[in-house]
Amino acid sequence: MRLYINYIYELKKLTKILMTLIIFIFILLILPHILPSYYIIFISYALSFAIASLGFNLLLGYTGLLSFGHAVFFAIGAYSVALIARYLPNIYYFEIVILIALISSALFAALIGIIALRVSEAYFAILMLAVSMIIYSLILKFYTITRGSDGLPVPIPKFIGLTIHGISQDVFIVKYYYYILISIFIVSLIIMYLIVSSPFGKALQAIRDNPNRAYLIGINVKLYKYYSFVISGTYVGLAGSLWSIVNMYTSPEVAHWSFSSDIVYMTLLGGYTIFLGPVLGAIIYTLIKLYTVIFTQYWLLASGIIILIISLLFPEGLGGAFLRAYKFLAPLTIKRERKEIREKNRRLR
Amino acid sequence: MVDVNRRDFIRMIGAGVAGLAIGSAAGYWLARVSPAEKIIEKTITITSPKITMPVQTGIPSKPIELIDINPLSGPGAPFSIPAVNAIKMAVDEINNSGGILGRKITLRDFDENQGSPDAVARLVRSVVEQYKPDLIVGLGISSDCLAVAPVVEELGVITMVTCATNQLLQGGGKIPKYKTVFRPIGSNAALDGIGLALYVYKNFPHIKRVAGINQDYAYGRDEWNFFINALKKLKPDIEVVNAWWVPLGTSDFTAHISQIIQAKPDLLQTSIFGSDAVNFMRQAIVAGLPSKVQMAYAHAESLLHLVPEMPDGIVIQAAGPAYPLYPPPNIYSKNASFVNNYKARYNDYPHYSSYYTYDSIYTYKYAVERAYQMLGKWPDVDDLVKVLEEFAFEGAQGLVYIKKDHDTGVGSLVGITKRDPKYPFVTLDPTTVELIPGILVTPPPGVFPADWINTW
Amino acid sequence: MIIINGLYYASILYLLSLGLNLIFGVSKLINLTQGSFYSLGAYITAWFISTMLSFYILKGNALLISFSGILLGVIITGLIGLLIEKTVIKYIYNISLERQLLATYGLLLIFMDLERMIWGGNIISAPQPLRLLGELSIDGYHYSIYYLLIIITAFSIGIAVQFLIYKTDLGILFRVVSYDREIASGLGISVKKISTLTFFISALLGGLAGSLMVPITSASLGMELDPLILSFMVAVAGGLGNFWGSLIASIIIGETRSIMIAIFPEIELALIYLIVFIILATKPEGILERKGG
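Protein chains in written order, with the numbering used here: chain A, 1 to 349; chain B, 1001 to 1456; chain C, 2001 to 2293.
Since the hints were derived computationally from the structure, they do not count as laboratory data. Do not rely on the hints blindly, as some may be mistaken.
What the hints assert, rightly or not - The list that follows gives simulated cross-link-like pairs (lysine-lysine, DSS-like), each with its CA atoms no further than 30 Å apart:
id, chain 1, residue 1, chain 2, residue 2
1, A, LYS175, B, LYS1292
2, B, LYS1202, B, LYS1418
3, B, LYS1404, B, LYS1386
4, B, LYS1232, B, LYS1202
5, C, LYS2086, C, LYS2167
6, B, LYS1235, B, LYS1062
7, A, LYS175, B, LYS1132
8, B, LYS1418, B, LYS1062
9, B, LYS1174, A, LYS175
10, A, LYS158, B, LYS1292
11, B, LYS1418, A, LYS158
12, B, LYS1343, B, LYS1202
13, B, LYS1179, B, LYS1418
14, B, LYS1179, B, LYS1365
15, B, LYS1235, B, LYS1179
16, A, LYS158, B, LYS1174
17, B, LYS1404, B, LYS1377
18, C, LYS2028, A, LYS222
19, A, LYS13, A, LYS175
20, B, LYS1377, B, LYS1132
21, B, LYS1404, B, LYS1179
22, B, LYS1179, A, LYS175
23, B, LYS1377, B, LYS1062
24, A, LYS202, A, LYS222
Input sequences plus hints: build the corresponding full structure.
Right under this line is the structure:
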């Protein structure tokens, strides 16, 4: 009887998730027809940040490690694109640069992870901060290569098998790039979902909840942390490369610790205990950052107050509060799974 | 699912809504209650019943949208607040005398200090989308100009910049580099660096060992580059002792200053700009740097106003040609009336940046009027661009002349400080002031100054 | 000399990290708002000195005004700290690390804009104290004695705080609360009062760092970001809660910065962070083992 109920439950859950996904995609696809193009650019920003915070949350929400320097991967992604555009224009194809950005961030994460993961958690956060600031200062100082604080422009990339010319960059983003972003975003979402619902994902959560116990039941804590770190770094690197094309520019600030704190802020804003929380957080963050600046001079104050209130009153972020209110959305919270099954079972007894 | 009872749930949602409401309300409210009200106004509409222009054909009736983007906070602020003051003054003057061909100007101010050049570009994009301006004036930081230029080019908005980088308008082969971007009056790294080099060459022939400290960004790099290469061409035996690079926003130069003193150069050239400049100059004075090393300071007219304890004997390149005492007000009435009006309104002498924005707005006005004369209708962007190239008139600071590459063609003013008790700010000894002509300090249109210097 | 330059910057970092260490040790709070105290102290002092000295009558008492300015900056900052402790901070003590970082970061942003509202975008300079104290001549160049004043002040405050914590009865209370809040309250110690007091002292220290620094660098928006992050590094590298560790770490960082500017100005910033990285990576407990308190 219980097995049968679990099966129905899983099916219901999968259906709900698929439905949400389809609705989500549908909304994203029809938006260009109802909103002015300026908003589409803004959503493109949000999508790239969403990929970043999604990846970041693998490390924070699922593995329990807070890094205050993940901006470094974002910068690696963004600068890979910009530097190739500037110095190797012959290979400046979208497919190629994205691949290179992915590989560079993965490699960098693999390298740094070896050292970074040895330390205790509080120091890990600051260590990552130091790493990102080292890269920040290197980008700043090597003016002759990176143009320092001036930053680098990022033009429209060529595509293998397709050349787009004669249109301005923001038309490019609204007409073509937006859809590329949506597809990459959905793919990353699905991949992340598969990761976190796999045994690997469960193991990460076990590590988060109690590393000692995890170790004792045979989970290779060190290795899994490392994998989680590399995957999250790669995601953020991908996000950085995608972002640089939307932004049409990249500057050293994306490696600065204040941007790392923005990534943390995004993730917490939406709720780091929920799978889609970081996505919601990225959207809200983009809204605040890009919109308030036109309407008020004191956008720092507004952001500060919002951050303060959310960190104090919403431990699970806005996404968490939202989901608590609407129980039928429960299947979207991966984390609560065991509890849900227990609950369901309890109710049936 | 965790059980949440109704009370908690309502409380949470209520708190959340209240929090967001408070946050956004605070932000919105504070936007209207701004203590810097004296330089920030959202709209200026002044009705002047005395003077009415006759209604002319082909002229739109709605007001002209003028956007100004200047650093109102951050390192660039001390140098640009006088600029914004002058913008307001120009707009009021124009509106009070009937506007441009009868159209009044609506002015909106924005803060250029957004954290990074691409954030400024985004701001410009959203502002243009929102307000559809006819003219953008400002952009005093080089990195921001470089990021914004492609945006205003794409969106087709005439932009008059005050930033000082040559990378914006020269190099790359296209003349002009950006159709809609102009620097009608101002300074650029070539004007500053080459002007200073020529002056030093002429007036300090014994200099051999030169050191430089500059900010590490487009302008700083270029200015030092042009200065030292020009000087070396003129005087091949010049030896560079060292060149220090400080990031924008450095506030503590003590270590650098001791190093400079230790190196004992004959001349120190610097182009440090913004509030960093004020810090640098002050720390240098305390350490005794000016008395030990001859200093040559580029783009430094504002320092005359901001650092009252500035000693005598420092070579100052004024940032292009603008300086309140040149052209001498008793000889050139337009300068006199500008200075007097500015003093009456703001209780301060205008800075060089005030001249730039003031004359930029009048450039627009005269260009529009000229275009209307020729075409019989209000000019669109392309018409205006055609008129503005190789355009000249007499502005507050003297001749305003726009070259074919949209950069300024006027000269570079250099002098040596000498305190005159008549004035509240440090002045330049009139016997040492020279206005080096534009043709000697700016390359032919479109040629990047470094390449031009190489051909000397 | 390069050494002195390094030392005065180290002193400022040390004062800031002292505040961070105190509040972390006693209340287990990661307090990014310490940066706001730095800038508040700087702004208040700069504003006071520059305004008072613009009155011709008071020009003769420049020295007195300068010192009052610094004192005023410290005290008012402390009071502001007290105010926010009683209203906001007390809710932040018990939440998780990430949320603490976020909440105090929110406060940092709020203060940044408040400073902007009050004092505007202009920088406020008060360089007078630099000149007033006279100069030392070493190897042919002049050093304002003010720099030495900073070093001496920081050093004495450091000793005073050590004395307070380890040699006084009040210090015992601090230490008990830092070991275990529950036991402390069980022993009848008002943990609330101790937390408030610690935060107050922390704010005083932050304000002092800012006020001392302002004659050199002037008060400007965003001035607190770099010293904040560096003092954070100092506190962590020295071992959170460990005073001697932060002293050593601040000296290392201050001197590195000074030396690097002299030799390799290109990579000065990168090197500082590299050193922190190396320290954290090789000695995860910080430079010295945490001695408790």
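Hint check results:
For the hint pairing LYS175 of chain A with LYS1292 of chain B, the CA-to-CA distance comes to about 62 Å; that exceeds 30 Å, so the pair is violated. With a C-alpha separation of about 19 Å, the suggested pairing of LYS1202 of chain B with LYS1418 of chain B holds against the 30 Å cut-off. Annotation: proposed proximity of LYS1404 of chain B to LYS1386 of chain B holds, straight-line Cα distance about 10 Å (limit 30 Å). Simply put, LYS1232 of chain B and LYS1202 of chain B have alpha-carbon atoms about 13 Å apart, close enough for the 30 Å limit, and the pair holds.
For the hint linking LYS2086 of chain C to LYS2167 of chain C, the alpha-carbon distance of about 28 Å falls within 30 Å, and the restraint holds. Under the criterion of a C-alpha separation no larger than 30 Å, the hint pairing LYS1235 of chain B with LYS1062 of chain B is inconsistent with the structure, at around 57 Å. This hinted pair checks out: LYS175 of chain A and LYS1132 of chain B have alpha carbons roughly 22 Å apart, not beyond 30 Å. For the proposed pair LYS1418 of chain B and LYS1062 of chain B, the alpha carbon gap of about 50 Å is over 30 Å, so the pair is violated.
In summary, the hint linking LYS1174 of chain B to LYS175 of chain A is supported, as the alpha carbons are separated by about 28 Å, within the 30 Å threshold. Among the hinted pairs, LYS158 of chain A with LYS1292 of chain B is inconsistent with the structure: their alpha-carbon atoms are about 57 Å apart, more than 30 Å. A hinted pair counts as satisfied when its Cα atoms are at most 30 Å apart, and LYS1418 of chain B with LYS158 of chain A does not qualify at roughly 59 Å. The hinted pair formed by LYS1343 of chain B and LYS1202 of chain B fails the criterion: a straight-line CA distance of about 35 Å is larger than 30 Å.
Of the pairs offered as hints, the one joining LYS1179 of chain B and LYS1418 of chain B is violated, with about 42 Å between alpha carbons and a cut-off of 30 Å exceeded. A threshold of 30 Å between alpha carbons decides the hint, and for LYS1179 of chain B with LYS1365 of chain B the separation of about 18 Å falls inside it, so the pair holds. Pair hint LYS1235 of chain B plus LYS1179 of chain B does not hold up; C-alpha atoms about 38 Å apart against a cutoff of 30 Å. Between LYS158 of chain A and LYS1174 of chain B the alpha-carbon distance is near 22 Å, which keeps this suggested pair within the 30 Å criterion.
Of the supplied pair hints, the one linking LYS1404 of chain B and LYS1377 of chain B holds, its CA atoms being roughly 24 Å apart against a limit of 30 Å. Between LYS2028 of chain C and LYS222 of chain A the alpha-carbon distance is near 27 Å, which keeps this suggested pair within the 30 Å criterion. For the given pair, LYS13 of chain A sits about 34 Å from LYS175 of chain A by alpha-carbon distance, which is inconsistent with the 30 Å threshold. Between LYS1377 of chain B and LYS1132 of chain B, the direct Cα distance comes to roughly 20 Å. Compliance with the 30 Å bound is thereby established for this hinted pair.
Simply put, LYS1404 of chain B and LYS1179 of chain B have alpha-carbon atoms about 10 Å apart, close enough for the 30 Å limit, and the pair holds. For a cut-off of 30 Å, the pair hint linking LYS1179 of chain B to LYS175 of chain A stands: about 25 Å separates their Cα positions. Between LYS1377 of chain B and LYS1062 of chain B the CA atoms are separated by roughly 15 Å; this keeps the pair inside 30 Å, and the hint holds. Using a Cα cut-off of 30 Å, the hinted pair LYS202 of chain A and LYS222 of chain A holds, with the two alpha carbons roughly 15 Å apart.
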